[in-house]
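These are the residues of each chain, in order.
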Amino acid sequence: MATIAEKILGKEVGEIVECEVDYVMVNDITGVPAFEVLEELAEGREAGGREAGGGETGGGETGVGIKREKVVVVQDHYVPSKDVASAEQAKALRDYARKYEIANYYEVGKEGSGICHQVMIEEGFAAPGRLIIGADSHTCSYGALGAFSTGVGSTEAAAAMATGRLWFKVPATQKFVVDGELARFVGGKDIILHILGEIGVSGSLYKSQEFYGTTIKNLCLSDRITISNMAVEAGAKAGIVPPDEKVFEFLQGRVRGDYKPVYADAVGDESDYEAVFEYDAAEIVPTVAKPFSPANTVPASELDVPVDQAYLGSCTNGRIEDFRVAAAILRGRKVSQEVRMIVVPASKRVFEQALDEGLIKIFLAAGAFVCGPTCGACLGGYLGVLASGEKCVSTTNRNFVGRMGHKDSEVYLANPAVVAASAVRGRITDPAEIAKMTKTKV
Amino acid sequence: MDTDQIIPAEYLTTGDAKELATHAFAKSRPEFARKVKEGDVVVAGENFGCGSSREHAPRALLGAGVSCVVAKSFARIFFRNAINIGLPLVEADLCESVDEGDEVEMNFEAGVVRNLTKGEECKFKPLPEFMQRLLEWGGLVPYIKSGGGEKDKERK
Numbered sequence: 009m010a011t012i013a014e015k016i017l018g019k020e021v022g023e024i025v026e027c028e029v030d031y032v033m034v035n036d037i038t039g040v041p042a043f044e045v046l047e048e049l050a051e052g053r054e055a056g057g058r059e060a061g062g063g064e065t066g067g068g069e070t071g072v073g074i075k076r077e078k079v080v081v082v083q084d085h086y087v088p089s090k091d092v093a094s095a096e097q098a099k100a101l102r103d104y105a106r107k108y109e110i111a112n113y114y115e116v117g118k119e120g121s122g123i124c125h126q127v128m129i130e131e132g133f134a135a136p137g138r139l140i141i142g143a144d145s146h147t148c149s150y151g152a153l154g155a156f157s158t159g160v161g162s163t164e165a166a167a168a169m170a171t172g173r174l175w176f177k178v179p180a181t182q183k184f185v186v187d188g189e190l191a192r193f194v195g196g197k198d199i200i201l202h203i204l205g206e207i208g209v210s211g212s213l214y215k216s217q218e219f220y221g222t223t224i225k226n227l228c229l230s231d232r233i234t235i236s237n238m239a240v241e242a243g244a245k246a247g248i249v250p251p252d253e254k255v256f257e258f259l260q261g262r263v264r265g266d267y268k269p270v271y272a273d274a275v276g277d278e279s280d281y282e283a284v285f286e287y288d289a290a291e292i293v294p295t296v297a298k299p300f301s302p303a304n305t306v307p308a309s310e311l312d313v314p315v316d317q318a319y320l321g322s323c324t325n326g327r328i329e330d331f332r333v334a335a336a337i338l339r340g341r342k343v344s345q346e347v348r349m350i351v352v353p354a355s356k357r358v359f360e361q362a363l364d365e366g367l368i369k370i371f372l373a374a375g376a377f378v379c380g381p382t383c384g385a386c387l388g389g390y391l392g393v394l395a396s397g398e399k400c401v402s403t404t405n406r407n408f409v410g411r412m413g414h415k416d417s418e419v420y421l422a423n424p425a426v427v428a429a430s431a432v433r434g435r436i437t438d439p440a441e442i443a444k445m446t447k448t449k450v
Numbered sequence: 381m382d383t384d385q386i387i388p389a390e391y392l393t394t395g396d397a398k399e400l401a402t403h404a405f406a407k408s409r410p411e412f413a414r415k416v417k418e419g420d421v422v423v424a425g426e427n428f429g430c431g432s433s434r435e436h437a438p439r440a441l442l443g444a445g446v447s448c449v450v451a452k453s454f455a456r457i458f459f460r461n462a463i464n465i466g467l468p469l470v471e472a473d474l475c476e477s478v479d480e481g482d483e484v485e486m487n488f489e490a491g492v493v494r495n496l497t498k499g500e501e502c503k504f505k506p507l508p509e510f511m512q513r514l515l516e517w518g519g520l521v522p523y524i525k526s527g528g529g530e531k532d533k534e535r536k
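Protein chains in written order, with our numbering: chain A, 9 to 450; chain B, 381 to 536.
Since the hints were derived computationally from the structure, they do not count as laboratory data. The beta carbon of each residue, even a glycine, is placed where N, CA and C say it ideally should be. One should not assume that every hint holds.
Derived contacts from chain A toward chain B, CB cut-off under 10 Å, selection only [said to hold, decoys possible]:
id: 1; residue: Ile37
id: 2; residue: Leu49
id: 3; residue: His85
id: 4; residue: Asp91
id: 5; residue: Val92
id: 6; residue: Tyr214
id: 7; residue: Gly243
id: 8; residue: Ser301
id: 9; residue: Gly389
Listed next, with one range per pair, are the computed distances between beta-carbon atoms [as the list claims (entries may be wrong)]:
id: 10; chain 1: A; residue 1: Ala93; chain 2: B; residue 2: Lys417; range: 26 to 36 Å
id: 11; chain 1: B; residue 1: Gly518; chain 2: A; residue 2: Glu96; range: 20 to 30 Å
id: 12; chain 1: A; residue 1: Cys379; chain 2: B; residue 2: Pro522; range: 40 to 50 Å
id: 13; chain 1: A; residue 1: Gly340; chain 2: B; residue 2: Lys398; range: 50 to 60 Å
id: 14; chain 1: B; residue 1: Gly419; chain 2: A; residue 2: Gly397; range: 33 to 43 Å
id: 15; chain 1: A; residue 1: Val25; chain 2: B; residue 2: Asp479; range: 36 to 46 Å
id: 16; chain 1: B; residue 1: Val492; chain 2: A; residue 2: Cys379; range: 51 to 61 Å
id: 17; chain 1: B; residue 1: Gly481; chain 2: A; residue 2: Ala191; range: 49 to 59 Å
The whole structure should be built from the sequences, with the hints applied where relevant.
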């Protein structure tokens, strides 16, 4: 009897196993170090009888072994380039992608482009049963499509790019069951914040999480992605939702190659799981993580904090479903005079769809700033960095000290409805309050 | 101590360890970069290195000359990254027993930390052999280049 992680990795808990990975992803801040290591690894192999001008697997002219079909390179963190140093870094990555003939290369503005995790999902790299690593901690996001996907550093990414394999220690699995119906304005973000509030930032350290229950089943794929995305905030290695029709439909005509869904053996028997956590959806409310931890949670209704910035975007909540929720609240309303609202779609596709649905017009009319997809301010990069003493309510995933800017700034994490409602009121607001503010029917 | 503390994101435009070291803990302990000396040991509490997968975090510590990080527990990506680039890690809780400036002696094979200033000892579980070998080689790259540790090891 085995859990999803144990089946995908193919060994028992605690064992060390070397596996073929399906894909390795790098972005503009982790990609250049990875390619540098790749080339350093190749230097060591020159004595191994490789001829100049080609010869090693997939090396072509360069002679460096690289499993290029498994490599995905995405420009997303500091692009369009935020300063000269970032521009040099992006250029270096571009040059490497060209040198190694990486077909899966995503450039600013081009089709399929966006934040790396959204790209991996939209472009059909993520699929049930796959083993995917990425040089970015939120690689766990694809667990929502039933993959075992996890973040690694640049050196390991390079090793996997060169060999197509990586070693793993098989994690124990924790089971999370959420049953019941969610209240209005409560979604995937609140579920994962609620869980984090209970188990803390190391509550799932080195574990794989699996999510079950009627609530999870009824969630749209986007909200499941939000949950898997923040598995890493609990210290988890992976956060997996057993794939169902919603995943299969999404992948129709989109997925690259074939896939085989993997499910845990235990049905009703929980002995395979190290721990089981059960939640009643009715008890989950719009939740906010206060500074300086994603686990420092309270109900939004208990906060009365004025904000300077409201941020809607990121790999966590930058999808069309998130935009629809926010737009429904912002329609016919204005962002508070004291607040800067920033809207950043997670991908070019999301941006296009939001345009088609008239959502961008709503955001603009409300007084929000809208830009193309980028990680931007989520990690204090640009396009919304905070000054000393400023507070931002945001749909992003981390709020450690100085996360979005000055060390004396603060980030409150929340769902898109809370962010939109807070932008209007100028203070952190439970979305249910918004109906009381104007006569416009929400 | 999350990765945003160890190396704030705005400095992630270089991979150079020495350059990164100048910004280590820039927001939470700005005096660190100035005070840290070659061979120093960083002692920390729980979940050290939680947050991002950025390898720049252990790299910054290595660039600063840190010889080892001793923490009650480590975040998993940081743990792997540190071992892979040759930064030794020890899982032990020294927060109460060690003060800044104390001299400590690390014995990785025996699994003992000796506080020379206070005359105390603390045992810890040595890393799995595979990881100890990686560290002896100075990280994953030297290890792979050597042919996976097949050749005779040279003591560092």
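Inset, instruction - Give me the numbers of the hints this structure contradicts, sorted from smallest to largest. - result: The structure conflicts with no hint, since it agrees with every one listed earlier.
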